[in-house]
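So the sequences go chain by chain: A and B.
Using the UniProt record's numbering, the first residue of the first sequence is number 1, and each one after it goes up by one.
Using the UniProt record's numbering, the first residue of the second sequence is number 1, and each one after it goes up by one.
These are calculated hints, taken from the structure and not from any lab test.
Source: prediction; values computed, not measured.
Backbone N, C-alpha and C fix where the C-beta goes; we use that ideal spot for every residue, glycine too.
In silico DSSO-like links for lysine-lysine, alpha-carbon gap of 30 Å or less:
#: 1; chain 1: A; residue 1: Lys80; chain 2: A; residue 2: Lys66
#: 2; chain 1: B; residue 1: Lys473; chain 2: B; residue 2: Lys267
#: 3; chain 1: A; residue 1: Lys136; chain 2: A; residue 2: Lys80
#: 4; chain 1: B; residue 1: Lys525; chain 2: A; residue 2: Lys66
#: 5; chain 1: B; residue 1: Lys382; chain 2: A; residue 2: Lys80
#: 6; chain 1: B; residue 1: Lys414; chain 2: A; residue 2: Lys4
#: 7; chain 1: A; residue 1: Lys137; chain 2: A; residue 2: Lys80
#: 8; chain 1: B; residue 1: Lys414; chain 2: B; residue 2: Lys267
#: 9; chain 1: B; residue 1: Lys473; chain 2: B; residue 2: Lys414
#: 10; chain 1: A; residue 1: Lys4; chain 2: B; residue 2: Lys267
#: 11; chain 1: B; residue 1: Lys589; chain 2: A; residue 2: Lys66
#: 12; chain 1: B; residue 1: Lys120; chain 2: B; residue 2: Lys267
#: 13; chain 1: A; residue 1: Lys137; chain 2: B; residue 2: Lys382
#: 14; chain 1: B; residue 1: Lys382; chain 2: A; residue 2: Lys136
#: 15; chain 1: B; residue 1: Lys589; chain 2: B; residue 2: Lys525
Counterexamples of contact, computed for chain A against chain B with all Cβ distances above 10 Å:
#: 16; residue: Pro46
#: 17; residue: Gly62
#: 18; residue: Ser63
#: 19; residue: Arg73
#: 20; residue: Ala82
#: 21; residue: Pro84
#: 22; residue: Glu97
Computed, partial: chain A to chain B, Cβ under 10 Å:
#: 23; residue: Thr9
#: 24; residue: Ser20
#: 25; residue: Ile25
#: 26; residue: Gly70
#: 27; residue: Asp93
#: 28; residue: Thr117
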Amino acid sequence: MTRKQRRLTLIGLAGLVLASAVGLILYALSDGIAFFATPSEIAANPPSPDRRLRLGGLVETGSLAKEDGGVVRFAVTDGKAAVPIHYVGILPDLFREGQGVVAEGTVSPAGVFEADTILAKHDETYMPKEVVEALKKSGEWRPEASAEGPAPKAVTR
Amino acid sequence: MIVELGHYALVLALALAIAGGTLPFYGALRGDERLMAIAPSTTIMQFVFVAFSFAALTHAYLVSDFSVLNVVENSHSLKPLLYKITGVWGNHEGSMLLWVLILALFGALVALFGNNLPLKLKALVLSVQAWIGVAFLTFILATSNPFIRLLNPPVEGNDLNPVLQDIGLAVHPPLLYLGYVGCSISFAFAIAALIDGRIDAAWARWVRPWTLTAWLFLTLGIAMGSYWAYYELGWGGWWFWDPVENASFMPWLAATALLHSAIVMEKREALKIWTILLAILTFSLSLLGTFLVRSGVLTSVHAFATDPTRGIFILCILCLFIGGGLALFALRAGTLSQGGLFAPISREGALVFNNLMLTAACATVLVGTLYPLALEALTGEKISVGAPFFNMTFGPLMVPLLIAVPFGPFLAWKRGDIIAVGERLLFAFGAAVLVVVIGLALMGFSAAMSLLGLALAVWLMVGAASEIAFRIKLFRAPLMESWRRGVGLPRSAWGTAVAHFGLGVTLLGIIASTAWNTEIITTMKPGDTVTIGSRTLTMDGFLPVSGGTYRGTAVRFTLRQGGAVVTTLEPEKRLYTVQNTPTTEASIKTFGFSQLYVSLGDIGADGATTVRIYWKTLITLIWLGAMVMAGGAALSLSDRRLRVGAPKPARRAAPATAVPAE
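The shape of chain B in the complex, shown without the other chains:
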């Protein structure tokens, strides 16, 4: 019964989305305030019904209702409780339902917290959001219904893909979807602004917090996915330039560009047309990602069982929204007014440079991802574009951008003084040079490339810190004065510095773990010992393990340093009996920011086991850096300016801080 109610709620949500997409829209075009005013209610109710539907499916998983096809295919009564819950989105149908849930959630948030938006803009934004809802709700109901019942329910389910039975499934998809789908809000704002024909600094100020929120979650989602792949897939890599990873990375690059261009628009009313275009492109790339992952054109751990009708359906949604968005853009962009003037060397100029490099880098990733698909479709020739391609294209484009990052926040608006900025960054430059000099003295010229990378990371981190130090007059004024200035500094300034610092931290992790990575692949028997740097690893023996729907063997290792036991490691080989799938669970120990990673190969009849041992220097910094970046976004999001007193459109000359927003 609950399952049927869930299905019915989804149909009702579709009906509400259709109503919410048409009536307020018509009202906005006609200037009918009563019709416009219903948009928040339909949006919130749409969220309530989708949430109910999602809860109904979760309930079916919790009670292991094997009369539901989706539960049979992806669950098992012996599965631990956590994986029963996360299994809801560990499959195609459920993950699309999560997608729509988050879409509805964002709509509801705009409806609830967008009180400072003009009525017409709000109605239009919520209508566009509702159209997206209509498309994806129809998609679920027509091709991917998770509520289909079975006439003859089996006694037991088929279990969840063992690779997905991990805490990562609880964290990675929801975070990533919050990021992906969050981009729909800036898209809706862009479309609404194009229809409305009015785009000004106030628009940028309304859009920025939503973009920032989406970016925050996208950053965390990608970082979590990367860490999950690192520890679960057992070969110690953290990024593979897999098309599915690229699908999430491209919206991230575009959203990063959008964040920066929206600043220019907000402060200087320049780059209007470009910002609108970026908002459309960012969401288009999110949709493209959804298409690539869900349509089955790619094979990867993310592509669940494929069905051609689904691919074509998503392709239609994709064409409709991207095509429609861009057509509207082409039609209306010419009517937008020009923004303020600025010299090439200025804050605006730096942000334009950021946008150019990010979009160019995004374009190379797009080419690398789609080229094999296009080539196969056109000529039938099969190629694979992997890490070498992206290292050759993406890497060189990132270097000038990263060098430029510390300059940006120092440059003045309109016209900057590059020499003065250079003087302020002398300390950061000195620190970077020092790293290279000390490194060369210690390691010689063979490490030169890695040291340059390291220097770039130090340049980013010290450069970000220098900006704050300069603004609070650290060491140039009494410490109390600096403290007072630090507290008084806008949160968004802190956010920028923290996010840029985090970028440096991530780069440091990438460079260090790539350059100073020890790998040992060997065959060991109980009693054997290998040496890793100053430590030794001894294989003690085998012990049986079991749990949930698997059984397997763990190998116990003891790590010693100078004869004293440091810790024990127990990597496992598991066999998930229901799906008859073997998996490998690596054992990872963290030392400071570095990690020891032990993974198992085949266990021979005589106990001779292939063992893969990695020492990864500073590797955790890659993900910690991403968390620092997200922290910067959160700081920026808490800036007072984004919450209170959004200025009224320019032509109504109201004071900027007239009314509190919430």
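Only chain A is shown next, with the shape it has when bound in the complex:
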């Protein structure tokens, strides 16, 4: 095999691997990613049930209800609209009513957000970026609660 043939084989193989990698990435980017949404956006424009979303906002005070088998229901609000959340699992240590939370999952046809991941803020002063954005969009943002701090801790079901 000459140097030229070897080089062509190599380039052909590299091109094949590269093409499949790009194909996989494009396919996964259309399907495997989650977009960020605020409660108002979900209320105004209910997304399709196969779209993965990250929902940011505050846990509505008085909305938290725990049922048997680790089933948790609460609502996430940005001050304008509230979205009911259904989650099975253990909530993060820092989950509190009235404080910031990010939920990841899909919206069921009934309009309930089926979360498989809940992220809560990590200490008394920190608020996840997404929550800040959501509150700014709805005009409920109070900057005094925005001090920097360590990161949110994820809990996946």
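Based on the hints, put chain B in the right spot on chain A.
Same frame as chain A, now just chain B:
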């Protein structure tokens, strides 16, 4: 006083790094041997001063010197001794100091043990290493000084982040940094070779042990981080495709590719340009990881308090070294000579395939990690790229690579015979098929995907064992003959087989723990019992716990099998009072290679507690496999060939085994 001395030592280390980065470099360009000869001394002294500085900071932590801002922010006098020490690198400033300490350590090791290197190459390598030192020492002194004093010292400190108060902090960051920063050596060698304009098989032989060392520690560091996250964060996952995890995983993939391509270069003088490029890319990915973690562009448990000036500073370092390295590469790569010829089906061909797949997989991880950042910067749209993306991209790329792994070591250099190799792997193939057949008979078609994964793991493990069995003529020659051959086999051959076997073990753990994982989330009161397979778990009651800077509640569970008590488990809910942070401590019991994992949720007023119980089949194999891989690297590292008689460059026709290296 000690604190000021530590600060001063750091400034001196910077001065030494500047001297070590300029004088020997100038000497190497001018051919001045006296200037080149000072490089080892400046490098070793730089290490001594950084080590002193690190010791000074550690001392401040040990005696709880609350006049130092860094100690106030991250320590507490009641903290246990271990966490006072590990707390030194449990924060941004201290962890950067550890980074520089390890950088200086690697430089010093090259200076001490690189006696077989040509004077010019050694001077250039140490100069490049010194430049990296200059950049990061300046970074620490300008933006992240851990020695800042307070005018009015408080009586007590703010305590360390409770999540970090764990033995994992003692092990994970130092190991990971040894891996991350170890990549700087192969980078320095690549840059030095490009400047020198001479790259040959000898170069590959000098670089390989350093790459192997870095890879060994990186493997252990990532595995330790994974196990730490598994038991500390309390939700039983061991890998989250978190950007910070990816930041350590990308250099690992690139370093794995580099390890393999350096073999081709060493044995056959081929793939020179590619190997140099990989060496540059591997360290670039390490720097990128440092940037992602330390700049605050990501939020995670690893991102400490953020400061934009730091991010920009690291970004500048990043651009300087990656840009400079790649520019030099573009300028000089064309002058490098071509290597040997080989057919597509050959050992070289297999290693090229390994490199293609690993770099493609690394690229998908890079895209998945940076895409959300780029999209947000460009359009403001926020997305999150999580496990589904990586399972869809990384997974399919790994499958052909893993299938190919057992073929590699069997193939001959230059031109291999795939049919002959296939015959030698028939036993491994049979074992894999047997796993699928037995599995299907026992579990039916619903488990088909998991069984294929399992078969792949068995294929890897038996395939690695087959290679050794073939080479020592196991069962084809008398056992004594096989034993003699086994002892005589180069350590690097054993290392390859062991590392590939470890890869199979890790895959086995991943597949088994994902497919045969039982999860129970329920509410329990004292006296309640749940059934997990053949065992029962009874909640006995609550007991108070306290220690260090926390107090909390433990729940005692008793595990029984057939009525007999097997063990007790005591998961805890803790409140760290200084930072007012609650944490959950899971209780984990190991049975064989499998684990029972019990974690607590909220404890209700009436004693009704949310409990999460996992049975994770063979999960410990994930980390044991990584340790086996590291063991393979250590075996390979002990190979005689890497220590004695590095060959002189080709044009000086000296015999290959002329002088002992050390």
